[in-house]
Amino acid sequence: MNRNEILDKVTQIFHDVFDDDSIVLTDETTAKDIDDWDSLTHITLISEIEEAFNMKFSMKDVLGMKNVGEMLDILEQHQ
Amino acid sequence: MCVLEEPGFGLSSNVWSLFSLDFLIFLAVSVLFFYLLPRKMQWIVLLIASIIFYLFAGTPYTIVYLMASTLITWKAACRISDYREAGKENYIIRRVYLIALLSNILILAALKYANFLLGNASAIVSFFGGTKVEWSVSWVAALGISYYTLQIISYITDCYWERIEPQRNYAKFALFSCFFPQMVSGPISRYDQLNAQLYAQHEFKRNNLMCGLIRISLGFFKKLVIAENFNRLAQYFFDLENSEHTYGIYAIVGIGCYVIELYGDFAGCMDIVIGSAKCFGINMVENFNRPFTSVTIQEFWQRWHITLGTWLKDYIMYPLLRSKTFQKIGKYIKKTHGKQFSQKTTTYLAMLILWFCMGLWHGGGWNYIAEGIWFWLVIVLGQITEPFFNRVFHAKEHTGRLMTLFRQTRTTCIYAVGVVFFRGPDLTDAVKTICRSLSPKNIVNSLYEFPHFIYIAKDLELNDGKLLVYLINAFTGFAIFILLSLWEKKHGKLQDTLTCHTLILQITCILSVLFAIAFLGVYGSGVKPSDFIYGGF
Numbered sequence: 000m001n002r003n004e005i006l007d008k009v010t011q012i013f014h015d016v017f018d019d020d021s022i023v024l025t026d027e028t029t030a031k032d033i034d035d036w037d038s039l040t041h042i043t044l045i046s047e048i049e050e051a052f053n054m055k056f057s058m059k060d061v062l063g064m065k066n067v068g069e070m071l072d073i074l075e076q077h078q
Numbered sequence: 000m001c002v003l004e005e006p007g008f009g010l011s012s013n014v015w016s017l018f019s020l021d022f023l024i025f026l027a028v029s030v031l032f033f034y035l036l037p038r039k040m041q042w043i044v045l046l047i048a049s050i051i052f053y054l055f056a057g058t059p060y061t062i063v064y065l066m067a068s069t070l071i072t073w074k075a076a077c078r079i080s081d082y083r084e085a086g087k088e089n090y091i092i093r094r095v096y097l098i099a100l101l102s103n104i105l106i107l108a109a110l111k112y113a114n115f116l117l118g119n120a121s122a123i124v125s126f127f128g129g130t131k132v133e134w135s136v137s138w139v140a141a142l143g144i145s146y147y148t149l150q151i152i153s154y155i156t157d158c159y160w161e162r163i164e165p166q167r168n169y170a171k172f173a174l175f176s177c178f179f180p181q182m183v184s185g186p187i188s189r190y191d192q193l194n195a196q197l198y199a200q201h202e203f204k205r206n207n208l209m210c211g212l213i214r215i216s217l218g219f220f221k222k223l224v225i226a227e228n229f230n231r232l233a234q235y236f237f238d239l240e241n242s243e244h245t246y247g248i249y250a251i252v253g254i255g256c257y258v259i260e261l262y263g264d265f266a267g268c269m270d271i272v273i274g275s276a277k278c279f280g281i282n283m284v285e286n287f288n289r290p291f292t293s294v295t296i297q298e299f300w301q302r303w304h305i306t307l308g309t310w311l312k313d314y315i316m317y318p319l320l321r322s323k324t325f326q327k328i329g330k331y332i333k334k335t336h337g338k339q340f341s342q343k344t345t346t347y348l349a350m351l352i353l354w355f356c357m358g359l360w361h362g363g364g365w366n367y368i369a370e371g372i373w374f375w376l377v378i379v380l381g382q383i384t385e386p387f388f389n390r391v392f393h394a395k396e397h398t399g400r401l402m403t404l405f406r407q408t409r410t411t412c413i414y415a416v417g418v419v420f421f422r423g424p425d426l427t428d429a430v431k432t433i434c435r436s437l438s439p440k441n442i443v444n445s446l447y448e449f450p451h452f453i454y455i456a457k458d459l460e461l462n463d464g465k466l467l468v469y470l471i472n473a474f475t476g477f478a479i480f481i482l483l484s485l486w487e488k489k490h491g492k493l494q495d496t497l498t499c500h501t502l503i504l505q506i507t508c509i510l511s512v513l514f515a516i517a518f519l520g521v522y523g524s525g526v527k528p529s530d531f532i533y534g535g536f
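Protein chains in written order, with numbering that gives the first Met the number 0: chain C, 0 to 78; chain F, 0 to 536.
Source of the hints: derived by calculation from the structure; they are not laboratory data. These figures come from a predicted structure and were not determined experimentally. Be aware that one or more of the hints could be misleading.
Pairs of lysine-lysine, DSS-like flavour, derived with a Cα cap of 27 Å [stated by the list, open to error]: (1) C/Lys59 with F/Lys39; (2) C/Lys31 with F/Lys343; (3) C/Lys59 with F/Lys327; (4) F/Lys87 with C/Lys55; (5) C/Lys8 with F/Lys74; (6) F/Lys39 with F/Lys87; (7) F/Lys74 with F/Lys131.
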C-alpha cells in the first residue's frame with residue numbers, strides 16, 4: 000500500500016469517527032483543525048486505525064504524533 | 000485602603016513560603032550566584048538552592064523520602080535503558096519499571112493517604128465488629144510530594160515507553176525532581192520540556208529578569224489583593240451561613256468568593272513560580288489559560304491546572320484504554336451491544352478512574368473523591384445528552400455572545416459545586432451546604448435579608464469593621480484583573496509585550512503593580528495570609 004492509498008483509508012476512518020465526510024486530510028492536519036478531535040476521540044481514532052491496518056501503535060506513537068503526516072509515516076513503516 | 004493592622008512589613012509568618020519576603024531574598028541571592036559563577040556551574044547553583052529551599056521550607060528530614068524516590072527512579076531508568084541495549088526480554092524491563100512505579104506510589108500512599116486508608120479500615124472494622132476502633136498515624140508528608148511524585152512517575156514511564164533517554168547523572172536528575180520554584184505547587188513538568196533548559200548555560204538577559212519580576216509582581220497582586228480579600232469575604236459569608244441566619248444565599252455568595260479566592264491563590268502562585276524560573280532564563284509550562292472563559296466543564300479542566308489534567312490523561316486514561324483488560328471489556332460489550340456503545344462505555348469507565356484519581360490526588364478524603372466523581376458525572380451526562388439537545392434546541396447554531404456567556408456562567412456554576420466538595424471539611428458538610436444553598440425557600444427568604452448583610456454581620460459581632468474595606472478592595476482588585484485579562488487577550492501576556500519596551504516602562508509597570516498592592520492588598524505584620532491552598536498537596 001503506498002502513502003496515497005494509506006491516506007485514503009485513514010481519511011475514510013476519519014469520516015466515520017467524526018461523522019463528517021467533508022474532512023480533507025493533509026500531512027499538516029492536526030487536532031486543532033478538526034472540531035471534535037479531542038483526547039477521547041483521539042483514542043477511538045487510534046483504535047479504529049489499528050483495527051483497519053491490523054497493527055498496534057506504541058504509547059510513544061500515541062502521545063508523540065504531532066500531525067496526520069507523522070501518523071502516515073508510522074503506518075508506512077508498518078507496511 | 001490597605002489593611003495594615005500593625006506597623007512593619009511582615010508579609011508572612013510562614014518562613015520560606017513562596018509568598019514570603021524571605022523567599023524573595025532567597026531568590027535574589029540564587030539569581031546573583033547563578034549569573035556570577037561560571038556558566039557550567041549554573042545547574043549546580045540551582046541544585047544547591049533547591050536543596051536549601053527544601054530543607055527550610057518543609058520538614059528537613061522528609062528530604063529522605065525525596066532522595067529515596069529519586070534514587071530508585073534514577074537507577075531504574077538507567078537499568079531499563081541498559082537492559083534494552085543488551086537485548087533483554089521485555090518482561091524483565093517491565094519488572095524494573097513496575098518496581099520503580101510501585102515504590103513511588105507506595106511512598107506517596109504511605110505518607111499522604113495512610114490516615115484515609117486507616118480511617119476507612121477502622122470504620123469497616125467498627126461496623127462489623129460492633130466496637131469503635133480508631134487507627135491513625137502521624138507521619139509528616141514530604142513537601143510537594145504529590146507534585147514531584149507525578150513528575151518522577153512521568154519520567155520513568157516516558158523512559159519505559161522510549162519517549163526519552165534516561166539522565167545518567169543522578170545530581171542532574173535530582174535537580175529535575177526538586178527544582179525549587181515548582182516544589183510547592185507545581186506545575187507538574189515533563190522531563191523533555193525542562194531538561195535542556197535546566198542543564199543549559201544561560202547568559203544574563205535583562206529581559207528575562209524583568210519579565211520574571213513583572214510576572215512575580217502580578218502573582219503577588221493576585222494573591223494579596225484578589226485571593227486575600229476574597230478569602231476574608233468568603234469567611235464572613237460562611238460565618239453568616241453558620242449563624243442562626245442559616246440562609247442559602249450566604250453560602251452561594253461565600254462559594255462564589257471562594258472560587259475567586261481559589262483562582263487568585265493558585266494562579267498567583269503559578270505566576271510567582273513561572274516568574275521565578277524566568278529570572279534564571281527557564282521557561283516553565285503554563286498551568287492556567289483563562290479557565291472561566293470555558294463553555295464546557297471539559298474545556299474548563301483543559302484550562303485549569305493544565306499540567307495535572309494532561310498528566311492524568313497521558314499516564315492514567317490512555318494506558319487504561321489501551322490495556323488488555325479494557326480491550327477485553329470493549330470486545331465483550333461490542334459483541335452484545337455494538338461498536339459505538341462499546342467505545343463509549345470503555346471511555347466513560349476510563350474517565351471514571353481518571354476523575355477518581357483526580358479527586359484522590361487533591362487529598363485523602365471522600366469529599367475530594369466526590370468532587371472528582373461530580374465532574375465525571377457532568378461530563379458523561381453532557382456527552383450522552385448532547386445529541387438530544389443539539390436536535391431539540393439546534394444548539395450548534397446558537398453561537399452568539401449571549402449564548403457563550405450563558406454557557407460560561409453555567410460552567411462556572413458547575414465548577415463551584417465541585418468546589419463545595421473540595422472545600423470540605425468532609426462529604427456530609429459539603430452535601431449539607433449544597434442542599435441548604437439550593438433550597439428555594441432559603442433563597443427566597445434570604446433575598447429580603449441579603450442587602451443588609453453588613454449590618455447583620457455587625458449585629459452578630461462577625462464584622463470587625465473591615466468588611467466594607469475588604470468588599471471595596473476585592474472588587475476593585477477584581478475589576479483591575481478583568482481589565483488586564485481583556486487587554487492580554489488582545490495584546491498577549493503583559494510581561495511578554497513589555498519585553499520590547501524600555502527598562503523605564505518595565506520598572507514603571509512593576510511599581511504600578513506594587514502600588515496597587517499597597518493600596519488594595521491585605522498584608523502587614525499582624526495579618527497572617529492564608530496559606531497557598533494548593534500548597535498543601
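Checked hints:
no. : hint                  : in the structure
1   : C/Lys59 with F/Lys39  : 32 Å, violated
2   : C/Lys31 with F/Lys343 : 22 Å, holds
3   : C/Lys59 with F/Lys327 : 22 Å, holds
4   : F/Lys87 with C/Lys55  : 22 Å, holds
5   : C/Lys8 with F/Lys74   : 44 Å, violated
6   : F/Lys39 with F/Lys87  : 36 Å, violated
7   : F/Lys74 with F/Lys131 : 45 Å, violated
Hints 1, 5, 6 and 7 from the earlier list are contradicted by this structure; the remaining hints agree with it.
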